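Chemist: The whole structure should be built from the sequences, with the hints applied where relevant.
In order, the protein sequences belong to chains A and B. Its first residue numbered 1, the first sequence is counted upward by one per residue in the numbering used here. Its first residue numbered 1, the second sequence is counted upward by one per residue in the numbering used here.
Keep in mind the hints are simulated off the structure, nothing from the lab. Everything numeric in this text was worked out from a predicted model, so none of it was measured. You may find that some hints are simply not true.
To give a feel for the contact side, a few chain B residues facing chain A, derived at Cβ under 8 Å [stated by the list, open to error]:
hint, residue
1, S28
2, Y32
3, I34
4, E39
5, S40
6, F46
7, G59
8, R61
9, N99
10, Q100
11, F103
Backbone N, C-alpha and C fix where the C-beta goes; we use that ideal spot for every residue, glycine too.
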Amino acid sequence: ETGVTQTPRHLVMGMTNKKSLKCEQHLGHNAMYWYKQSAKKPLELMFVYSLEERVENNSVPSRFSPECPNSSHLFLHLHTLQPEDSALYLCASSPGWGSGNTIYFGEGSWLTVV
Amino acid sequence: GESVGLHLPTLSVQEGDNSIINCAYSNSASDYFIWYKQESGKGPQFIIDIRSNMDKRQGQRVTVLLNKTVKHLSLQIAATQPGDSAVYFCADQSSNTGNQFYFGTGTSLTVIP
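Modeler: Okay, structure coming up:
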């Protein structure tokens with residue numbers, strides 16, 4: 001149990017589908033993140049929210065849309081994805097946003113786009 | 001831009017031996033570093049961290065060493081066990097790059113019983 005729970009763990013979707021990934025953290029943290037993990041590549045930061053405000057947006061295609069309704073929940077809405085978007089999507093949280101805040105990850109959502 | 005790299009993509013060790021996994025970073029202003037362990041099918045798990053005002057930190061069976069002069073970070077695992085088999089990667093953070101963490105690609109550690 002990592003304290004960061006992601007659902008679904010596995011998702012297969014067509015390129016015209018609309019789906020969402022959900023993340024919930026039980027650690028009382030104020031910052032939440034979405035990362036993308038592809039084979040043989042370093043983790044890529046997609047979005048950061050601190051106290052429900054987006055603080056980072058690393059040039060992510062608009063077919064990925066984040067939503068942070070409160071400091072415990074984070075969503076990643078997916079629409080008209082491409083096969084190259086198939087990857088492990090990791091949610092994470094940290095006590096705060098800023099230097100020295102340790103990031104704790106969930107188990108990830110495996111996404112396959114067909 | 002920032003880059004973080006591990007020296008070896010794979011490492012095999014005998015059970016009971018010590019393991020050393022190395023990482024190099026490029027940003028001399030990096031001030032916080034973390035090692036993560038990722039087992040197959042799971043998310044990265046925090047192992048140990050170190051701040052730039054330290055050069056060594058020990059945990060349970062793990063030690064992290066930081067050499068800021070050559071921008072090098074290492075993770076030492078004592079008495080390696082089969083359960084230590086996983087991918088290990090380092091991450092560094094600096095306030096001069098917006099507090100983002102930059103991650104290495106990982107070293108896959110295999111423990112031979």
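Chemist: Hints broken by the structure, by number, lowest first?
Modeler: The structure conflicts with hints 1, 4, 5, 7, 8, although it agrees with all the remaining ones.
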